[in-house]
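Heads up: the protein sequence lines correspond to chains A and C, in order.
For the first sequence, this note's numbering begins at 1 and goes up steadily by one.
For the second sequence, this note's numbering begins at 1001 and goes up steadily by one.
The reader is advised that the hints may include incorrect statements.
Claimed, not checked - Sample of chain C residues at the chain A side, in silico, Cβ under 7 Å:
1) 1047
2) 1049
3) 1054
4) 1059
5) 1071
6) 1078
7) 1081
8) 1148
9) 1154
10) 1157
Derived from the structure by calculation, the hints contain no laboratory data.
Note that this is a predicted model, so its numbers are computed, not measured.
Each residue gets a CB set at the ideal place from its N, CA and C atoms; glycine is no exception.
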Amino acid sequence: MSYLPFALAGWLFLVGLYGVVTSRNLIHLVVCLAVVQSSTYVLLLAIGYVKGGTTPIFNGIPIGTKTVDPVVQALTLTDVVVSVTSLALLLAIAVEVHKRTGTLDPDELREQRG
Amino acid sequence: MSHRVRTVLFLVGGAGLAALLGWAFSGLPAFGEYHGVYGRLINRETLGQTHALSAIAAVTFDYRGFDTLGEEFILLASVLGVALLLREARERDVDASRGAETFDPIRATGLVAVPVVFLLGLFVITHGYLTPGGGFQGGVVTGLAIVLVWLATDFRSYAALVRKPLADLADGLGAGAYVAVGVGGLLAGGAFLESFIPRGTIGELTSSGTIGLLSWAAGIEVAGAMLLLASEFLEELLARRER
């Protein structure tokens, strides 16, 4: 039971990767990539969790109170921001691809390029 | 490579990766049992050193402020990429006067929500070091409050409110302000991004030194970025409908 969050992160990573590999639509592919990215949030937060710890915001709780790791929380914040912007960029590329080729299917794109 | 070959290849590789991940995870401390020295040190020292109640804000904008600088520029670069890709390819500006009429109750509720959500966003940016929140979270809320105008009314009202050069400016200025605050630390004789204003009394809005300023810089940049992304994709949508 104590390894369940790590297993979840691994599962999200693999299932997202499966989606990326077998995708037949670029938008679907980008969403699958978002699933892969979310596995990293789960992993980071799971590593920083301390049993019985509260949030590391010392508003009304004394120093020395058991709190979860603030470093991984800040890293997750960075992670989320970077994922969102990279997803936006990928979606913009998908829009352009569709405009130029009329398709979003990666396989068809390969055929078109010849 | 056919679909089937690709799937089979993935299943083989994926099984290997799953095995390696399982092996790696089994070497980690059990869930809830990790005691990272770095995190514990920060939890103990952050109040005394940064005067910020939120250790997360202290890590983001103080201890690891330099990382956040990098993150700001990743954000800027991606948003620039989106703007360049979509703006270059759009043949002409969309006619903003067209747009679907929204249902009256939606319009009313939406427009009531706009100022509330906007204020909430500003609150989250301002109080990042006192409560959960900060520039990134607040910036998203603030930016999307304005996107609510589009949801509630139509693109014309939204376009009248969001001048794209302004969103561009907010995005760039936010990133620039972050660097400027960093340089401020140098000018005051300290290190880059070192806090150069008094830390103030713990728990007050004026506390925490430059964490508040950096939080605002990030908030302005993120709000600008959100508006820019929303505007670009919305215009793209309208340009397609016209065709």
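Evaluated hints:
{"no.": "1", "hint": "1047", "verdict": "holds, 6 Å"}
{"no.": "2", "hint": "1049", "verdict": "violated, 11 Å"}
{"no.": "3", "hint": "1054", "verdict": "holds, 5 Å"}
{"no.": "4", "hint": "1059", "verdict": "holds, 4 Å"}
{"no.": "5", "hint": "1071", "verdict": "holds, 5 Å"}
{"no.": "6", "hint": "1078", "verdict": "holds, 4 Å"}
{"no.": "7", "hint": "1081", "verdict": "holds, 5 Å"}
{"no.": "8", "hint": "1148", "verdict": "violated, 18 Å"}
{"no.": "9", "hint": "1154", "verdict": "violated, 22 Å"}
{"no.": "10", "hint": "1157", "verdict": "violated, 23 Å"}
Checked against the numbered hints given earlier, this structure breaks hints 2, 8, 9 and 10; the rest are met.
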